[in-house]
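Protein chains: 2
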Amino acid sequence: MSLSSLAPQEIADRLERARADYESFAARGLNLDITRGKPSAAQLDLADPLLTAVSPGDVRSADGTDTRNYGGLAGLLELREIFAPLLGVPAAQLLAQGTSSLTLMRDALSFAMLHGRPGSAGPWVREPVRMLCPVPGYDRHFQLAASLGFELIPVGMDGQGPDIAQIAELTRTDASIKGIWIVPVHSNPTGLSMSVQRARELMELTTAAPDFTVLWDNAYALHHLREPHPEPIDVLGLAAEAGHPDRPLIFASTSKITFAGAGVAFVGGSPAMVDWFSRHTGDGSIGPDKINHLRHARFFGSPEGVRDHMRKHAELLAPKFAAVDEVFTRELGPDDLAAWTRPAGGYFVTLAVPPGTAAHVVKLAAEAGVKLTPAGATHPHGIDPDDAIIRIAPSMPPLEEVVEAAEVVAACVRVAAYETAASASAD
Amino acid sequence: MSLSSLAPQEIADRLERARADYESFAARGLNLDITRGKPSAAQLDLADPLLTAVSPGDVRSADGTDTRNYGGLAGLLELREIFAPLLGVPAAQLLAQGTSSLTLMRDALSFAMLHGRPGSAGPWVREPVRMLCPVPGYDRHFQLAASLGFELIPVGMDGQGPDIAQIAELTRTDASIKGIWIVPVHSNPTGLSMSVQRARELMELTTAAPDFTVLWDNAYALHHLREPHPEPIDVLGLAAEAGHPDRPLIFASTSKITFAGAGVAFVGGSPAMVDWFSRHTGDGSIGPDKINHLRHARFFGSPEGVRDHMRKHAELLAPKFAAVDEVFTRELGPDDLAAWTRPAGGYFVTLAVPPGTAAHVVKLAAEAGVKLTPAGATHPHGIDPDDAIIRIAPSMPPLEEVVEAAEVVAACVRVAAYETAASASAD
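Line by line, the protein sequences are chains A and B. Sequential numbering from 1 applies to the first sequence in my numbering. Sequential numbering from 428 applies to the second sequence in my numbering.
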C-alpha cells in the first residue's frame with residue numbers, strides 16, 4: 001500500500017498512532033547517536049594486538065631500519081606491500097603516510113592549488129575551480145572542497161556509479177572543472193559500488209581540463225558486510241589504457257580497519273602523480289610514523305591477514321545493518337513511507353523520506369534523544385534540494401541501541417510523512 | 428698563532444703533514460655520517476617504555492575517552508597540560524597534533540597562502556611573499572619557504588638573536604615581508620639562544636605587514652647539554668604586551684625527546700591564531716593520533732618527567748659535543764684555522780672555516796668517507812656567499828665514530844686552509 005492511496009481518515013488514524021509511538025519514545029529520555037561512521041568498541045578491540053606489536057628491543061623493519069628514527073618518506077615498504085594488492089596499486093606507487101586519508105586529500109588539493117599537478121598549466125589557485133560531487137555523498141569531501149573555495153557541482157548517481165553522461169557534458173567544455181569525488185566501493189552514504197565499466201568510462205572521458213583529477217577515495221575497499229562483494233577495480237590500469245594515467249589519485253586508510261584516527265593512511269597514483277605528491281610532502285616532512293607502520297605490518301602479516309580481520313568486523317557490523325533494515329521494513333514498509341539502502345558493505349544506510357520532511361525528521365529525532373547527521377549533509381554546501389535524504393550510521397552503538405534508534409527514526413518518519421499527507425489531503 | 432703570520436715554508440710543511448694525515452684517514456675506508464640531527468639508538472632506547480605505555484584494556488585517557496576512536500581535534504588534554512608549562516603556552520592554546528612540527532609549519536604557511544591568517548587582508552598567495560631567514564639557519568625551514576615561492580631574505584645574527592635593526596628596517600616599509608623563522612633556543616645550527624630582550628623587540632616591531640608572523644620553532648626548547656640553560660621565553664605574553672598578540676606561532680615536537688618522526692608535534696599561539704589553525708586543520712582531519720598522545724602523557728607523567736628524561740639525553744650527547752670540541756681545539760686551534768661553536772644545547776656545532784673553503788672541505792670529507800651536510804645548506808637557497816659555514820651533527824654515531832669523523836673533518840679543514848694559504852703566499 002502506498003501513502004497516496006490512503007483515505008483522509010486512515011491518514012489521521014495513522015498519524016495519531018505515530019504521534020503516540022513517538023511520544024512514548026520521547027518519554028524514555030534517550031541519548032543515542034547514529035551520526036558518524038565510527039567503529040564500535042568491540043570492533044576496535046579486534047585490533048588491540050597492534051598496541052603491543054612493536055616492543056622494546058624489537059623495533060626494526062624487515063630491511064633492518066630502526067623505525068624509531070627519522071626518514072623513509074614513502075612509508076614502510078612491508079606495509080605498502082600488504083596493502084598494494086588490496087588497493088590495486090603497485091607498492092612502488094603506494095605511499096603509507098600518517099593517520100588520516102582525509103588529510104592526504106587536503107594535502108593533494110592544497111598542493112594542486114599552490115603548485116598545480118602534473119599536466120596543469122599552473123597553480124589551480126589562479127583560476128576558479130569547480131569540483132563534481134556525486135550526491136548523496138560524503139559531507140567531509142564537500143566541506144574540504146568548499147573550504148578551498150571550490151564551487152561544488154552536484155552530479156546524480158545510479159546503480160553503476162555517478163551519471164557519466166552528465167559528467168561528460170560538464171567536463172567537455174568547462175576547463176574549470178578540475179575533479180570529481182569518487183567513493184568507488186560501498187559509497188558513503190549510499191553503499192553503492194561503482195562498476196568497472198563506469199570506472200573505465202570515467203577514465204576515458206575527454207575533459208577540457210588537462211589535469212582533471214579523480215579523487216578516488218577507496219575508504220571502504222575492504223569493508224564488506226556480506227558475500228558477494230565487489231572486486232578491486234584496477235583504476236590505474238584503466239587510466240593508463242585510456243591514455244590518462246595521471247587522472248586518479250587513490251586514497252585509503254586503516255581507520256575503519258584498525259583504530260579510527262590512529263591507523264595508517266595511503267595515497268597512490270601513477271609514478272608521475274606519486275612523485276609529485278612525495279616531492280611536496282617532502283617539503284614539510286622528514287617521513288611518517290614508521291613505528292605505527294611496523295605495528296600494522298606485523299599485525300596483518302599479509303593481504304589475507306587483512307581480509308581475515310575484515311571478516312571479523314563484518315560479523316560485528318552485519319547484525320546492526322540487518323536490525324536497521326528489519327525495523328524500517330516493519331515500521332515504514334507497510335505504507336511505503338520511505339526507501340532505504342541495504343548495503344553490502346561500508347558504514348551507512350541512506351534513508352530517503354518523503355520530500356520536504358528530512359530536516360523535520362532529524363529535528364524530531366533530536367528532540368526524542370536520537371542524534372542524526374544533519375539533513376542535507378550528504379549534499380554540497382549541506383543543501384539537499386529535495387530535503388529527502390538522511391544518513392544513518394549504525395556502526396558504533398551496541399545492537400540494542402541501534403534497534404532503539406532505528407525505531408525512533410521510523411516513528412519520526414511516520415509522524416512527518418503522515419503530517420505531510422494529512423496536510424495535503426486537507427488542501 | 429694565526430695562519431697569516433706563517434712563513435711560506437711553514438705553510439708548505441703544514442700542508443704536507445695535513446695531506447699525509449688526510450690520506451691516512453682516506454685509506455681507512457670509512458663510512459661515517461654526521462649530516463643530520465638524528466638521535467642515536469641509545470637516545471631512542473630511553474623512550475622505549477613508550478612502546479608499551481598503552482596496552483589492550485587500558486586505552487582510555489584521563490577523561491574516559493577511548494583513544495582508539497575518532498575525534499578530539501585539539502589533541503589529548505593531559506599531554507597538552509604536560510607540555511604547556513615547558514613551552515610557555517597555556518594548554519588551551521596549545522594543540523597536540525601529528526608527529527611532525529615541520530608539517531605543522533607547512534600547514535600554517537599553506538593556510539596563510541590559501542586563506543590568509545587573522546589580520547591578513549587576504550590570502551598570501553595573491554601577492555609576492557618575502558620571508559626573513561636568520562643565517563646560519565635550518566635548511567628545512569628555508570626549503571619549505573622556498574617551495575611555497577617565498578623570496579628568502581638573509582638576516583644576520585648576534586649573541587642575542589637575529590639582527591633587530593636590520594629586521595626593523597626591512598619590515599617597516601615592505602609589506603611583502605610576512606614573517607621570519609626563529610629557533611629561539613639552541614638554534615639550528617649555531618646553538619645560540621635568543622635573549623628575552625631581543626624577543627620583546629621582535630614582538631614590538633611596527634611592521635608594514637599587519638600579519639607579520641614569527642614562526643617560533645622551539646625545536647630545542649628542552650634540549651640542554653649542560654647548566655645553566657635558557658629559561659623558556661613567554662613569547663605570547665611579550666606579543667600581547669606589545670599589542671601584537673597574533674604575531675608568534677609556536678612549534679615544537681618530541682621528535683628529539685622520544686622517537687624521531689614518531690613523537691608528537693605541537694602548535695600554539697594566541698586564541699585567535701589557534702582557532703584559525705584548528706579551523707583549517709579541521710577541514711582535513713577528524714583528529715590526531717590520540718593513542719600516541721596517551722603513550723606520551725603516561726610515559727612522562729608531568730613536566731618534571733620530561734625534564735628528567737632530557738637530562739638522560741644530555742648524558743649521552745654531551746660527551747659527543749665535548750669530543751668534537753676537543754678534536755677541533757687540538758687540530759685546528761694551534762694555527763687558528765677555524766672557529767666553532769660550543770653549544771649549551773641543541774644538536775649542532777657550527778664550524779666556520781676560512782672563506783672560500785667550506786664546499787672544498789665537504790668534498791674532501793666525502794671522499795674520505797665522512798658525509799657532511801652540503802656547504803651552504805645553512806643559508807637561503809643553499810648559497811653561503813662566504814662559503815665558510817659547515818654544520819656538524821654529532822648526535823647519531825657512537826662516540827668513537829664522532830671522534831673519528833671530527834678528526835677527518837679537521838684534516839680536511841687543514842688541507843683546505845693550508846692550500847689556500849699556500850696559494851695566497853705564492854701570488
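Keep in mind the hints are simulated off the structure, nothing from the lab. Any given hint could turn out to be false.
[Stated by the list, open to error] Which stretches of chain A does chain B cover? Using the computed rule of at least three CB atoms under 8 Å from a CB of chain B, they are:
1. 38 to 44
2. 50 to 57
3. 231 to 239
[To be verified] Here are the computed distance ranges between Cβ atoms for each label pair:
4. B:A469 with A:A175: 54 to 64 Å
5. A:D58 with B:D440: 50 to 60 Å
6. A:P85 with B:E753: 37 to 47 Å
7. B:A699 with A:D33: 45 to 55 Å
8. B:P512 with A:A168: 45 to 55 Å
9. A:G243 with B:P512: 57 to 67 Å
10. A:K363 with B:S603: 28 to 38 Å
Here the structure is a predicted model, which is why all the values come from computation and not from measurement. Ideal Cβ positions, reconstructed from N, Cα and C, are used throughout, including at glycine.
A168 (chain A) and P512 (chain B) - C-beta distance against the hinted 45 to 55 Å
For P512 (chain B) and A168 (chain A) the Cβ distance comes to about 60 Å; the hint is violated.
Within the assertion that chain B covers the segment 38 to 44 of chain A, do at least three residues meet a Cβ-to-Cβ distance smaller than 8 Å?
holds (count 4)
Taking 8 Å as the Cβ threshold, is the statement that the segment 231 to 239 of chain A is covered by chain B upheld or broken by the three-residue rule?
Since three or more residues must qualify, the claim that chain B covers the segment 231 to 239 of chain A is violated, with 0 doing so at under 8 Å.
Looking only at beta-carbon atoms, does the pair G243 (chain A), P512 (chain B) fall within the given range of 57 to 67 Å?
holds, 59 Å
Proximity test - 8 Å, beta-carbon atoms, the segment 50 to 57 of chain A to chain B, at least three hits:
It holds: at least three residues are needed, and the segment 50 to 57 of chain A offers 6 whose Cβ sits within less than 8 Å of chain B.
Cβ distance range 28 to 38 Å for K363 (chain A) and S603 (chain B), holds or violated:
violated, 50 Å
A range of 50 to 60 Å was offered for this pair. Does it hold for the Cβ distance of D58 (chain A) and D440 (chain B)?
This hint holds: roughly 55 Å between Cβ atoms.
Do the Cβ positions of A699 (chain B) and D33 (chain A) conform to the proposed distance bound of 45 to 55 Å?
violated, 31 Å
A469 (chain B) paired with A175 (chain A), Cβ distance criterion 54 to 64 Å
holds, 57 Å
If I claimed the Cβ atoms of P85 (chain A) and E753 (chain B) lie 37 to 47 Å apart, would that claim hold in this structure?
violated, 55 Å
The structure does not agree with the numbered hints 3, 6, 7, 8 and 10 stated previously, though it agrees with the rest.
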